[in-house]
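Undergrad: Given chain C, put chains Z and D in place with the hints provided.
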Amino acid sequence: MQLKHVLEAQQFDKKMLKELFTLSDLMKKILEKGGSTLLKEKILASLFYVPSFRTQFSFESAMMRLGGEVLSTDKAESFSSELKGGSLEETIRTMGYYSDVIVLRHYESGSAKRAAKVSSVPIINGGDGAAQHPTQALLDLYTIERELGGVDGVVIAFMGDLSNSRSIRSLCYFLAKYSGIKIYLVAPPTLNMREDIIQYLKRHRITLYESYGLEPALEDLAKKVDVFYVTQTPVGSFGDRVDDYERSKKNFIIDKKVLKSMKRNSIIMHPLPRQDEISQEVDRDLRAVYYKQIHYGICIRMAILCAVLGKTP
Amino acid sequence: MQLKHVLEAQQFDKKMLKELFTLSDLMKKILEKGGSTLLKEKILASLFYVPSFRTQFSFESAMMRLGGEVLSTDKAESFSSELKGGSLEETIRTMGYYSDVIVLRHYESGSAKRAAKVSSVPIINGGDGAAQHPTQALLDLYTIERELGGVDGVVIAFMGDLSNSRSIRSLCYFLAKYSGIKIYLVAPPTLNMREDIIQYLKRHRITLYESYGLEPALEDLAKKVDVFYVTQTPVGSFGDRVDDYERSKKNFIIDKKVLKSMKRNSIIMHPLPRQDEISQEVDRDLRAVYYKQIHYGICIRMAILCAVLGKTP
Amino acid sequence: MQLKHVLEAQQFDKKMLKELFTLSDLMKKILEKGGSTLLKEKILASLFYVPSFRTQFSFESAMMRLGGEVLSTDKAESFSSELKGGSLEETIRTMGYYSDVIVLRHYESGSAKRAAKVSSVPIINGGDGAAQHPTQALLDLYTIERELGGVDGVVIAFMGDLSNSRSIRSLCYFLAKYSGIKIYLVAPPTLNMREDIIQYLKRHRITLYESYGLEPALEDLAKKVDVFYVTQTPVGSFGDRVDDYERSKKNFIIDKKVLKSMKRNSIIMHPLPRQDEISQEVDRDLRAVYYKQIHYGICIRMAILCAVLGKTP
Chain C
13 MQLKHVLEAQ
23 QFDKKMLKEL
33 FTLSDLMKKI
43 LEKGGSTLLK
53 EKILASLFYV
63 PSFRTQFSFE
73 SAMMRLGGEV
83 LSTDKAESFS
93 SELKGGSLEE
103 TIRTMGYYSD
113 VIVLRHYESG
123 SAKRAAKVSS
133 VPIINGGDGA
143 AQHPTQALLD
153 LYTIERELGG
163 VDGVVIAFMG
173 DLSNSRSIRS
183 LCYFLAKYSG
193 IKIYLVAPPT
203 LNMREDIIQY
213 LKRHRITLYE
223 SYGLEPALED
233 LAKKVDVFYV
243 TQTPVGSFGD
253 RVDDYERSKK
263 NFIIDKKVLK
273 SMKRNSIIMH
283 PLPRQDEISQ
293 EVDRDLRAVY
303 YKQIHYGICI
313 RMAILCAVLG
323 KTP
Chain Z
13 MQLKHVLEAQ
23 QFDKKMLKEL
33 FTLSDLMKKI
43 LEKGGSTLLK
53 EKILASLFYV
63 PSFRTQFSFE
73 SAMMRLGGEV
83 LSTDKAESFS
93 SELKGGSLEE
103 TIRTMGYYSD
113 VIVLRHYESG
123 SAKRAAKVSS
133 VPIINGGDGA
143 AQHPTQALLD
153 LYTIERELGG
163 VDGVVIAFMG
173 DLSNSRSIRS
183 LCYFLAKYSG
193 IKIYLVAPPT
203 LNMREDIIQY
213 LKRHRITLYE
223 SYGLEPALED
233 LAKKVDVFYV
243 TQTPVGSFGD
253 RVDDYERSKK
263 NFIIDKKVLK
273 SMKRNSIIMH
283 PLPRQDEISQ
293 EVDRDLRAVY
303 YKQIHYGICI
313 RMAILCAVLG
323 KTP
Chain D
13 MQLKHVLEAQ
23 QFDKKMLKEL
33 FTLSDLMKKI
43 LEKGGSTLLK
53 EKILASLFYV
63 PSFRTQFSFE
73 SAMMRLGGEV
83 LSTDKAESFS
93 SELKGGSLEE
103 TIRTMGYYSD
113 VIVLRHYESG
123 SAKRAAKVSS
133 VPIINGGDGA
143 AQHPTQALLD
153 LYTIERELGG
163 VDGVVIAFMG
173 DLSNSRSIRS
183 LCYFLAKYSG
193 IKIYLVAPPT
203 LNMREDIIQY
213 LKRHRITLYE
223 SYGLEPALED
233 LAKKVDVFYV
243 TQTPVGSFGD
253 RVDDYERSKK
263 NFIIDKKVLK
273 SMKRNSIIMH
283 PLPRQDEISQ
293 EVDRDLRAVY
303 YKQIHYGICI
313 RMAILCAVLG
323 KTP
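Protein chains in written order, with this note's numbering: chain C, 13 to 325; chain Z, 13 to 325; chain D, 13 to 325.
It cannot be assumed that every hint is accurate.
If several chains are the same, the list does not tell them apart, and a pair holds so long as it fits within one copy or across any two.
The calculated lysine-lysine pairs, modelled on DSSO-like cross-linking and capped at a C-alpha distance of 30 Å, are [as the list claims (entries may be wrong)]:
| no. | residue 1 | residue 2 |
| --- | --- | --- |
| 1 | K129 | K40 |
| 2 | K304 | K129 |
| 3 | K129 | K262 |
| 4 | K41 | K129 |
| 5 | K129 | K272 |
| 6 | K125 | K268 |
| 7 | K236 | K194 |
| 8 | K323 | K304 |
| 9 | K269 | K129 |
| 10 | K41 | K16 |
| 11 | K45 | K129 |
| 12 | K52 | K87 |
| 13 | K268 | K129 |
| 14 | K30 | K275 |
| 15 | K262 | K236 |
| 16 | K125 | K16 |
| 17 | K26 | K323 |
| 18 | K41 | K323 |
Because the hints were derived from the structure by calculation, they are not lab data.
Looking at chain C on its own, in the form it has when it is part of the complex (with noise of 0.2 Å):
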């Protein structure tokens, strides 16, 4: 398997995803093993224009558990201060020359393709704006397709703050991808999903459900979803309305309440850091999955970086 960027869900298709999972499965063994020199003499560049201490590890510890080394800045936003001059273009372009491989993380909407046009090494998009996060949306269909035994035919609750999310969006061209799919949306007006993710998944004859949380609605949800995608629902989302926030979280918290109803082979995934949208008591149970997206996260990353830069085992 051999990518040139990651740059976008679109960019994959079912037969690439398929690939991938099991370059992934590859990658759970290595790490098992304690790791491997697979990427040996490789510079992985981490050029973080917003911090994101998740995925900036993730990669990080991916590119070390496969004997390669890491240049590492969560400050790359003062590289191209106003006051210094640099474009993004020309940080990429420099960056080119000390590594390998790029994971940008950018403010931007549609940086990582920007970086990608001008880039002599591959760009993975680390999160770009509000746009996409492709490789956290890869790991968190990863995660269904190993922790349910396939996508096709899932019901998915996501839960939060759809608007601002670009894991979700990211995940929902993914999902488009399979049949039978069915998504609840719930969310609080104000932050409901995008019109252009809800009018792509309608194209792609996905089922769409919308709700408002209210708590009754919570556990009847509960029994049909396989899914419950929380998110978390920002204070400063709210602008003056703080009550509304206090009154519409209230509605949105998974509880051993919520848990009773959920079906036995259904999980609880959240791409952290969480508040408290899950209540601490549910972090035993089993189809808490949350701390799991992280470690198929790091193996999903062990893959991309395997293959884009062509050194698969």
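TA: Chains Z and D alone, transformed into the frame defined by chain C:
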């Protein structure tokens, strides 16, 4: 030698200390040969909620000298910001997937223990609030042991801000294990050693003398001690009474005059960085061992990393 | 080839420069093969009191390509804060225990020499105040040598903020060693080259021409030069007179028109980052070598690391 976590001085008994120091001697030899590959494929996560360049680089250098890799941040604080949510516990559980051992520096007393409770990998306390700094105290004890040939019967003067020095707190817990120890406490009244440690030392039959560092007293003291352990007296701790600070500071300076009164086989220690509590003219005296402490620190930390990872040579 | 420290341009004679460039050619070949393990078990400390991503990553990448390890901080400033105490000297002495070589970027002229005085390991000056930036100048000289086939007799125009460019200062010290050099200084009056360098060049019989970059002059100049060395003209340096800045900036732009007048075998250099002193339309011209400088920079820094560590292939 195998350790699970390194959280506080109290967890070590004399037998363990002896074993650890023997292991550190071995590490000294490994350093002289240029390093080892004992910790190949292992990753240390350097998780600093408060920056501390000596502790951080000492551990990171130790890990590299043993062939291991390092994931590093001195901005861990921003991971768990209130804005983003994400507790210390969540961060620790997550880092456990990225690394094989975590060194944690945190601003809250007790945080290392909280971390150890949920961690899947060994936690090394790199300083938690004003509570403890066990690896600094271990290197201090190792310095005394190796420079003076033993710890029993040692006469030691602690000087400076004894109230807020977690290194001295931790060292006191260690000294209490030895016999015949005499301790002089030389601090301005507002910065004296906290009552819990004083009581602890008394319970363990350590002879304690308190003094307020008037200059003639310092020269008298110099004749009696085997160890002058000097620490900073930060300006901030005097609040508005900066005059008091300036006045008292003058009484807490180790200079040539004090040096003259000191025994031949005695040592001056300091955890660094220092301001002017030790005159620069003292640096060239063989009894000034503060840079040796740096060296002993790497040996001790190499030994600790080996011990918690179960990889002793 | 063995060097103790790399502190300033003046320490190199022509024989050493030739040796260093031959070593750099060798490093180029090592890079093409993917790297080497020449500096295995060695640790570079990247000690940046002022961030500089090109210099930092260039050295760190160079070290990794040679199999070495990197301890890195771009916040060294906070180690020596007044609050914490701890002088540059203390920090350097301490880092000498953690690493085998230190690259130091500091805001104060002369800091690299101060560091070298107390250091137990080689110090590489990565830029000190407005004084010098010898490794940048070495890569610039190496670029001229390799792109034009030699340095003697070269006609070079320096353009932009000549007053504050430590790279150009250092490069002038090198050029003074060669014969038949002609230098054009093209800068707004307030940003002209400092008198000490002008006197130094005159003493070494370098032919100097000064000009203020009126546009027609620039096209005339283009016909004469072998090298256009362009640097930023920062807004800040004009204080309140931003109008002056805007007016003068227009006269200091290398664009297609200037390109047309340039000789076939000439080059355009820039230490990057750039603002708009070179139009983007120039980038694709083969005479634009600013990205080649990045590549030469890694080779030079690999050679320097080998030379100070006494490990030449």
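Undergrad: Give a verdict on every hint.
TA: Okay, the hints, checked on the actual structure:
1. K129 with K40: between (32 Å within a copy, 26 Å between copies)
2. K304 with K129: between (34 Å within a copy, 19 Å between copies)
3. K129 with K262: between (45 Å within a copy, 29 Å between copies)
4. K41 with K129: Cα proximity of K41 and K129: across copies only (28 Å, versus 35 Å in one copy).
5. K129 with K272: Classified as between: cross-chain Cα gap 27 Å, same-chain 50 Å, threshold 30 Å.
6. K125 with K268: Between copies only: 28 Å across, 43 Å inside.
7. K236 with K194: Within one copy, since 10 Å is at most 30 Å while 71 Å is not.
8. K323 with K304: both (26 Å within a copy, 27 Å between copies)
9. K269 with K129: between (50 Å within a copy, 27 Å between copies)
10. K41 with K16: both (25 Å within a copy, 26 Å between copies)
11. K45 with K129: Answer is between; shortest inter-copy Cα gap is 26 Å, intra-copy 38 Å.
12. K52 with K87: both (26 Å within a copy, 28 Å between copies)
13. K268 with K129: Cα proximity of K268 and K129: across copies only (23 Å, versus 49 Å in one copy).
14. K30 with K275: Within. Shortest intra-copy distance 27 Å satisfies the 30 Å Cα cut-off; inter-copy 55 Å does not.
15. K262 with K236: within (21 Å within a copy, 66 Å between copies)
16. K125 with K16: For K125 and K16, only the intra-copy Cα distance (12 Å) is at most 30 Å; the inter-copy one is 45 Å.
17. K26 with K323: This pair counts as within: shortest intra-copy Cα distance 21 Å, inter-copy 44 Å.
18. K41 with K323: both (16 Å within a copy, 22 Å between copies)
The structure meets every hint from the earlier list without exception.
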